[in-house]
Every structure is written in C-alpha cells, then in structure tokens.
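Numbering (the numbering used here), first residue to last: 1222 to 2136.
Derived from the structure by calculation, the hints contain no laboratory data. Being a predicted model, the structure only gives us computed values, none of them experimental. Using N, Cα and C, we set each Cβ at its ideal position, and we do this for glycine too. Hints should not be assumed to be uniformly reliable.
Said to hold, decoys possible - Restricting the straight-line Cα-Cα distance to at most 30 Å, the calculated cross-link-like pairs of lysine-lysine (DSBU-like) are: (1) Lys1458 with Lys1416; (2) Lys2032 with Lys2048; (3) Lys2120 with Lys2032; (4) Lys1406 with Lys1233; (5) Lys1875 with Lys1910; (6) Lys1732 with Lys1658; (7) Lys1406 with Lys1416; (8) Lys1454 with Lys1416; (9) Lys1910 with Lys1732; (10) Lys1875 with Lys2048; (11) Lys2120 with Lys2048; (12) Lys1458 with Lys1406; (13) Lys1454 with Lys1406.
As the list claims (entries may be wrong) - Computed beta-carbon distance windows for the label pairs: (14) Ala1908 with Ser1772: 21 to 29 Å; (15) Asp1736 with Gln1450: 45 to 53 Å; (16) Asp1992 with Arg1697: 26 to 34 Å; (17) Leu1224 with Pro1275: 19 to 27 Å; (18) Val1737 with Arg1645: 54 to 62 Å.
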Amino acid sequence: MELSWVEREIAKPFAFVVVEGEPGSGKTELLRRVARSAAAQERTVIELRCVRVPDPTPLAPLLDALGAAADRWTGMAGRLSPLAGVLHPLLPELGAVLPEPIGSDRHLVHRALRELLTLPERTVLIVDDADEADEETQDFLRLLAARPSERLAVVTASALRLQQRILRDVWWPPRSGVTARCTLKPLRIADVVAKTGSRELAERVHHRTGGVAAAVTAVLEAISGLDAQAAVKLSEKVVPAAWAAELAARFAVLERGAAAVVAAAVILGRPAGGMALAAVAGSDGAGIVDDLLQAMAAGFLRDLGNDRYTVRSPLVADAVRAAVPGPRRSQLHSGAARLLACSDEPEPRRVAYHHREAGELDEWARYVSESVDQAAAEGRPDEAVRLLEAALGDSALSRARRENFAVRLSRETAYGLIGESTLRLLRTAAHDWPMSKAARGEIRINLGRVLINQVGQVDAGRSEIELAIADLDGRRALLARGLITLALPHIGPVPVEENLRWLDQAEQASKGTRDVELIAAVTANRVSGRMQVADPGVWQDVGALPASPRSAEVRRQVSRTYINLADAAAWNGYYPVARTYLATARRLVHDEEQPYLEALAAGTDLRLDVAMGIWPEVEAEVLGLVGRVGQDSSLAAEPLLALAWYQLGNGRRKEASRNFDTAFALAAGNVPQRASAFAGRVAILLAAKELPAAARLAESGLESVRRKNNWVWAAELLPPAVRVLVDRGETDAAERLVAEYQEGIAGRDAPLAHAAALFCRGLLARARPADAVELFSQAALSYQTLPRPHAAAGASELAGECYAELGDHRKLLGALTSAETIYRSLKSVADAQRCRRILARHDPTTPSRGRRGYGQALSPRELEVARLAAQNLSNREIAERLFLSARTVEVHISRALNKLDLPSRAVLGEHLSRL
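When you get a sec, could you build the whole thing from the sequences and use the hints?
In structure tokens form, the structure reads like this:
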C-alpha cells in the first residue's frame, strides 16, 4: 500500500516525499522497492544512505552515489553549463563529461549538483536515513525542496520528527517544499496474522516484537519450518542473531547518556519516569531529555505519556541485556534495587530479585523474607511457597539462611496446594541438609502434616512426626502441632480411640502455651473429632467457636474447623447444616487466597450436591476442581468420588467404576472416603450380578470400618453389602452384620446412618412384606428428609414392590410413582424406566412418558429452602447461605407452599416437623 502511494506521489511534476518511521519499521525496504519500480520505468535512480560519523566529509553520501552512477551522464557533456565545472575536484569520475574547471564555493557547488541531477529527463533521488546526514547534505536537500524541478523527484526516509534530538538549530525534514509525507506505523496483529496464518502465533510474535516490521520478519524466519506448537513456544523467547546484531550495533553508537538510560530501562523491567531511569543509571539526570530523545529515535524506548518510558519490546530488552557487560548489569541492578526500595509502595519480591542480580546476597535474602511475609499476610500461600523454593534452589544461599527458609517453607504448606517438587525439597532438607535439631524437627512435623492432609500418605506422615518428637524436646507447642495432625478420627487405619489418644497428648503438650493459633488448632480438632464420630454433644462446642477472630492465623484455623465440621456433618447426613458450615468457613477467609482450604470446601460442596440431587453442573465443576488441585493429589479424591456417584446414578457404570477406583487410590488414609468408594464399587458389581466379587469387596470395605470402629461411615456401604448377602442367601450373615452396625451407631447423631439401618432392616424383612414395607417407607422418608433423593427413591421403589405382594394397588402406585418421578428428575433414566415397567404391569393406564419434575413432592432444593425459612431466616439470609439470589429463594418458597397447601411460611416449621 505504501509503495503504490509513493509511486503516485513521485509521478507528479514536483515531488519531495518524506517517509518517516522508527528503526526497523520498513523504511529501507520501501525505498528499495521504490528504486526498483523507478528503474523499471527507465528513470535515472540515484540511491544514497546517510550515516552519522564524528567528522563527516561534506556531501560524501551524495558524491559517492553520483560517482557510482557516472555512466548515466555519458553523452550529456554538451548540455551542461560552465557552472558544472566546479564539480571537477568533487566528482573525478565525471571528468570526461564536466566542462572546464572553474573556481568554486559552497553555493556554486549546490547549484551545479542540482543541474547535474536535473539533466536526465527524470531523476529519482532516494535518500535513506536523511536525518543522519551531514549538515551540508541536508542543506543541499533543503535547496532541492525549495527549488523543485519537473525533472527531479526526491524521496527521503528518516526517523519520526518528534523522536529526533535537537542537536542543531535546524529540523529535518525541511520546513517547506515537502509535497507529501508518509509515516510507517508498527504492524497490527492482523498484519502479522496475514503473514503467519495463525492468530495465536501472530499475537505472540506481535507482543515479542512490538509490531516492528523488521523484527517480525526476523522472528518468523527464525521459527520457520517448526510445527505450530513449537513455533508458538519458541516465538516467545527467540532472539534472531542478525536482528540482535543490528540492535547491538545501534546500541553501541548511542551516546553514553542515552545508552545508560536504555540499559536502565531494560534492567528495571517496568515503565518509569526519566529521573527514575537516570537514578538507576547512576546519573544526576542533567541531560535526561536529550538522552530520552535519542533512545526513542533509535527505537529502544517508547513514550507512554505522563513521563513514563518503557523498553520498545521484549525482543529489544533481551538483545540489549545481552549487550550490556556483566559488571555494568550488576551496577544497574543495584541501582534498581535502591530505587524500588525507596518507592512509596515497595515490592519486596522485585527488590530481592535486583539485589540477587547485583550479587548483594544479604540484602537479597532480607527482601526474599519480606516478600514471603507479604505473600502470607495477603493470603497468597502458593506465592510464598514459590518464592521460598526459588531461594532454596540458589547455591549462593548461606547455611543459616537456608535453614531459616526451609523451616519457613514447611510452615507455608499448611494452606497452599503443595506439589511434588515442594515435597521433594522438604524431604531433602529434613534428611540430608545440616541444620539444628529444632529446625529439622519442625520441618518434619510440617512435612508429616502435608503428607497426611494432602498426599494421603498417612504412614509416611506419621513416621516423619514420630521422628520429629526426639528433635523437639522442650518445644511442646511445636510438638503439639504434629500430634493434632494424627488426632482426627478419619486419618489412617488405626481405631478412632488411638486418634483421640493423640489428641489428648496434643492437648497436654499445648498446656500453658500463649500461641492462639495452636490453641485454636487443638480446639478445632477436638470439635471436628467429636463431629466425625457423631457425638450428640458436639453441637454445644460448635456454638462456642469464635465468630470473627481478629487474628488472621486464628481465622484460618476456625475456617478449617468449619470445613472439617461440614465434611463430618455431610457424612453424618446433616446436609443443610454442612452447607451452613461451608458458608461460614468461606466468610472467614473471603478476602484471602487459600487454595488448600478452598479445595477442601469445594470437594465437600460437590459431595453434598450429588447426595442432595443437585446434579446439573456436577461434571464440569468436578473436572475444574481436579484440574486445580492436580489429578494425582489426594484432594482430587472427593470430587472424583462425587463424580462417580453422579455417573452411577445416571447409569454410566463403566465411567463410574473407573472414577471410584481412582478416588479409592487417592483417598489412601481417609477411611470415610474409602468406605464410600467401596460402596460404589460394590453397587456396580451387584448391578452386574457379580455376587462373589461384590461379596469380597464388601467385606474388605466393612473390615476397614470395623478396624476404625466408627460405623457411621458405613452408611453408604451397608445397604449394598446387605443386599449382596441377601441375594447370595446368606441371611444369617446379613442379620449379624446389621446387628453389628446398629450397635455401632447406637447413640450416634447420624441421620444418614439411621436411615441406612432402616433400609437394611427392610432388606432383612423382605420375606415379610408387611414388615418390610413399613421399614422401607420409613427409610424413604428418612432419606428424603436429609434430603438424599436417589436413596429415597430406591427405598420407595422397594416399598412399592412390597405393596404389590400385599395387593395394595393404590399404595403401590403411589410409592412407584414417587420413585419414578424422583429418578426422572435426576435423569436416572434406567431406574425411571424400571419403575415405569412395574407401574405399567399393575396399571395399564400409565402413560409411557410422564411430565418431568417432582410432581407434588418437594424437590431437594425446595425442601432445603423451606427448612431454612421455617427457622425464621429471611429470603436474603437464605440466599447468602445457599449462594442463590433472593428472587430464586422467593420462587422456591412459593412453590413449596403451593405443594404443601399451606397459607404462609409461618406454618412451615410445624408442617415440616410432621414429615
């Protein structure tokens, strides 16, 4: 487009065209194409390129170009005036053409050169880098602009006028006589797309080069021939050798002050004002304006406005960084560190980086520590871990600092998502590095905690904590932290009683401490442990937890407590209560980034969604959470468990089986999660009529619960286990199992466990339909009250079968219709079809397909909202607890009142208590 525009301009009778642009913008290439086009039209083309030199020869570029083109004036001697004789000493190549020599002066030389250029029918004079020309050459060009000729077209290229330094009293280009001006702008992303054919690659290349045409071309040539993925990856870091050499050469000829400012901007790595750059460069800033103008004219800096300047592009930054000698880089990094440290809002991480690059190790370590403190205080534990790992990987770190940072890293594992690299580093520190016993003991305590809580390696974690005991003699508070990790009942295969003994020891070790976080942690595990064993007296302890602790550390501990309580309440069957606890936990740390706690809460949330029949987004949310925590993390066990139950409910047994197996493997050391995985795997084998395999698997799962001695965690496993025994004709074994289970849950406040007991007793009474139907109906009501709709539908279905055997046609239809409606609402297609087939046998008028929905039964969400409304909570309060809009809550309450035929929400509590 620019070529055709220049061609049109130089075709006009009088033409003096100025092309402007930053270095690398394509000016030189455009002028070459103009020259080729003009030559093709049989015009006389004179090309010259100007270079700034310390002591220039006047008119040298022009005289060199004319001498090289001397043959163009062959045969024209008779047309030259005597004036041209002044050129003899300047153009000896034209001696045969020029008239007799005459005396010369500056003015006569200019006139003679103009005559020479206008002698051919049409001459195109092309001058590259005209702004770099010596003063005499520029004066001559101004003469051509002021005295145009129909026989002469002039095309010049120069830096943008606003980026030229004021070195003389004159500007380039001429103030008058210019007939047209063209400014070459950086390429747009769309322009780069046209070259690459890939939007992604074009965006990377454009960012790397700033859209400078020559840089774009160099990068594309460097990555040519690579596949798309490799090209994208390399484009972000490639430094083409030829372009780097061009930049280095341009950098080398900058004046000292300008070069220093460019290097300072590169090392600082962020936009800054002129005086700030001067400070980094070690200058007093006296010549900063000229330095900045030269740096911009040479294409190294960009003006962002408001006294903010930045490096032209990442590619320029890399090339200049490589061109700055090492000692000078160190000086600049030191200057950058001092500048940033004195800013109004210093960033310790950046200050630490510059001190390290400057070789100032003590200051580096101090600011690393400050940056870790800042990340931790702002609730960014993952950032704190990254900073510490990077510092510990630096061989220049002193032994004392390494010990300090290793201990600090172990502490930061409490709330972040810890990867394998961190675990390896902590193991190496604990086992191999020379350090004090106290430091080693603390690292082992914290390593043990993360192995148990996040990795699921309970035995390895316990081993680290036990090894730490000998190192922590006299440090009772720290020892208590390790002991409480072993205290939660769900941890490990040991009996609950042993976990509680660890808790007693932790409480003893923490006596007399003033560490409020430790006190909160011990309290947290005591109340969480009681909830996990479904102790009826736990509710009073929960009510005594602090509502809004001042200390950030205590808030995190209390938040963790509520997440543990939510997890335990969910296993016990208190689903709405668990939701409330999760909301409280999130409120306590709502302004912090706590990835570990959030992952725990999100996993429990998903398990509640599946249990309560809130299924629409389960699959996507599970995959998102697993992606965040890592597919090999023990934190992925719970979401995968939820996904597996969801898939099983949808009849996708193969996928469910795979996810149950994965969750089981990841949940090593977590007994309730493993019991749930056992339950799902047994249910799949039972559905496939693989009774021997199902029996073996069920016994393995039951034995793990039996060893743990907390039967409330068998609430999901017992129903399929009993069904397997009954289907195999092992009725006596089934009765013994149910008796053992009932004894284990006696006195426990666990509605889910008691609903399961009713269901299993119904299975045992199956030969007595009148007894069985009563038990199944009670089980269905108990499950629906939780609410656990899929289990409620299963109990209703079995109740319907009993009604069929009893010949109670009306109740049969009611039970099976209720079951089929729930199955259909959950999209449990196979289960719904099974119910419809039974209904069709007993009621030929049953349509083949029914209306989707719960009919007159409350949906799980309607029941959940109605329960909270019955507690006199406002719509807004309910919305905040359930993360709904107030309008949605209003709709749920309205539907619940209509279905229950109630006049107002005031009587909801009385009605729900009778359900």
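Structure-based check of each hint:
| no. | hint | in the structure |
| --- | --- | --- |
| 1 | Lys1458 with Lys1416 | holds (19 Å) |
| 2 | Lys2032 with Lys2048 | holds (24 Å) |
| 3 | Lys2120 with Lys2032 | holds (20 Å) |
| 4 | Lys1406 with Lys1233 | holds (25 Å) |
| 5 | Lys1875 with Lys1910 | holds (15 Å) |
| 6 | Lys1732 with Lys1658 | holds (23 Å) |
| 7 | Lys1406 with Lys1416 | holds (17 Å) |
| 8 | Lys1454 with Lys1416 | holds (17 Å) |
| 9 | Lys1910 with Lys1732 | violated (56 Å) |
| 10 | Lys1875 with Lys2048 | holds (17 Å) |
| 11 | Lys2120 with Lys2048 | holds (22 Å) |
| 12 | Lys1458 with Lys1406 | holds (24 Å) |
| 13 | Lys1454 with Lys1406 | holds (27 Å) |
| 14 | Ala1908 with Ser1772: 21 to 29 Å | violated (52 Å) |
| 15 | Asp1736 with Gln1450: 45 to 53 Å | holds (51 Å) |
| 16 | Asp1992 with Arg1697: 26 to 34 Å | violated (58 Å) |
| 17 | Leu1224 with Pro1275: 19 to 27 Å | violated (35 Å) |
| 18 | Val1737 with Arg1645: 54 to 62 Å | violated (33 Å) |
Hints 9, 14, 16, 17 and 18 from the list above are not met by this structure, while the remaining hints are.
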